[in-house]
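Based on the provided sequences and hints, a complete structural model is requested.
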Amino acid sequence: MLLIDVGNSHVVFGIQGENGGRVCVRELFRLAPDARKTQDEYSLLIHALCERAGVGRASLRDAFISSVVPVLTKTIADAVAQISGVQPVVFGPWAYEHLPVRIPEPVRAEIGTDLVANAVAAYVHFRSACVVVDCGTALTFTAVDGTGLIQGVAIAPGLRTAVQSLHTGTAQLPLVPLALPDSVLGKDTTHAVQAGVVRGTLFVIRAMIAQCQKELGCRCAAVITGGLSRLFSSEVDFPPIDAQLTLSGLAHIARLVPTSLLPPATVSGSSGN
12 MLLIDVGNSH VVFGIQGENG GRVCVRELFR LAPDARKTQD EYSLLIHALC ERAGVGRASL
72 RDAFISSVVP VLTKTIADAV AQISGVQPVV FGPWAYEHLP VRIPEPVRAE IGTDLVANAV
132 AAYVHFRSAC VVVDCGTALT FTAVDGTGLI QGVAIAPGLR TAVQSLHTGT AQLPLVPLAL
192 PDSVLGKDTT HAVQAGVVRG TLFVIRAMIA QCQKELGCRC AAVITGGLSR LFSSEVDFPP
252 IDAQLTLSGL AHIARLVPTS LLPPATVSGS SGN
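Offset between the sequence shown (1-based) and my numbering: plus 11.
These are calculated hints, taken from the structure and not from any lab test.
Any given hint could turn out to be false.
Said to hold, decoys possible - The calculated label-pair distances, taken between Cβ atoms and stated as ranges, are:
| id | residue 1 | residue 2 | range |
| --- | --- | --- | --- |
| 1 | Gly96 | Arg37 | 36 to 44 Å |
| 2 | Gln50 | Val195 | 41 to 49 Å |
| 3 | Gly197 | Arg68 | 19 to 27 Å |
| 4 | Arg41 | Pro185 | 40 to 48 Å |
| 5 | Cys229 | Ala167 | 31 to 39 Å |
| 6 | Arg68 | Pro104 | 26 to 34 Å |
| 7 | Pro104 | Cys35 | 45 to 53 Å |
| 8 | Val247 | Gly65 | 32 to 40 Å |
Predicted model only: the values in this text are computed from it and were never measured.
Just so you know, even glycine gets a beta-carbon here, dropped at the ideal spot from N, CA and C.
What follows is the structure in structure tokens.
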């Protein structure tokens with residue numbers, strides 16, 4: 012099955028397989044989201060990249076999509092259908108009743124399907140209270156209690172969003188490359204921004220996980236995901252990083268949702284985070 016995570020920073024394509032009965036996923040490639048591209052352009056690009064990744068047409072017979080970019084959802088779904096001949100299933104609130112996590116009404120109407128997929132993957136793995144940190148365009152924290160109830164979400168500017176905002180919102184600060192400096196005491200402008208944004212985000216992550224545990228009233232497992240999570244891979248005493256968490260969640264959801272409920276050749280948007 013082809014798995015597609017349409018986000019604000021990347022459109023991530025992966026493929027689902029099994030290893031000893033366990034769901035496993037492999038990321039194939041990433042595209043920059045571009046609303047100006049047509050269905051035909053996306054179709055040609057996806058087909059070429061799938062071939063380069065060694066994924067044949069037979070592997071594209073089923074596709075499952077999460078999208079938090081409504082303007083791209085139908086274009087990408089139709090592009091995949093153009094290649095495979097089968098309309099992908101777009102994950103949405105219609106499936107929420109059949110997940111191992113529960114989503115309360117105030118959250119249900121607005122939570123992004125990517126965050127739901129993250130919560131599913133983390134809860135299936137830990138089977139206990141957990142916090143998922145997603146380092147993308149936004150820095151998000153999704154807290155799940157021990158019963159599988161999503162208790163809430165916190166959203167902050169993501170790393171790239173923060174450095175871009177500093178550059179565009181000030182007269183002299185340059186657009187700084189993202190890197191984790193050794194010290195919070197910057198010796199030049201680049202180092203200073205990296206110290207404040209990247210090191211600062213590291214402290215925010217630790218503090219937010221601790222606060223989530225305090226508000227949930229228990230110790231929680233934690234996991235970091237998202238395209239920029241790699242920046243923290245050298246940190247010790249830090250939660251594990253799983254760059255494939257969203258795809259893993261989609262793979263679990265695709266297996267859990269009864270086929271009788273799959274909407275036939277329809278595309279539903281998401282108001283996601």
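(request) Output the numbers, in ascending order, of every earlier hint that fails for this structure. (result) Per hint list: 1, 3, 4, 5, 7 violated.
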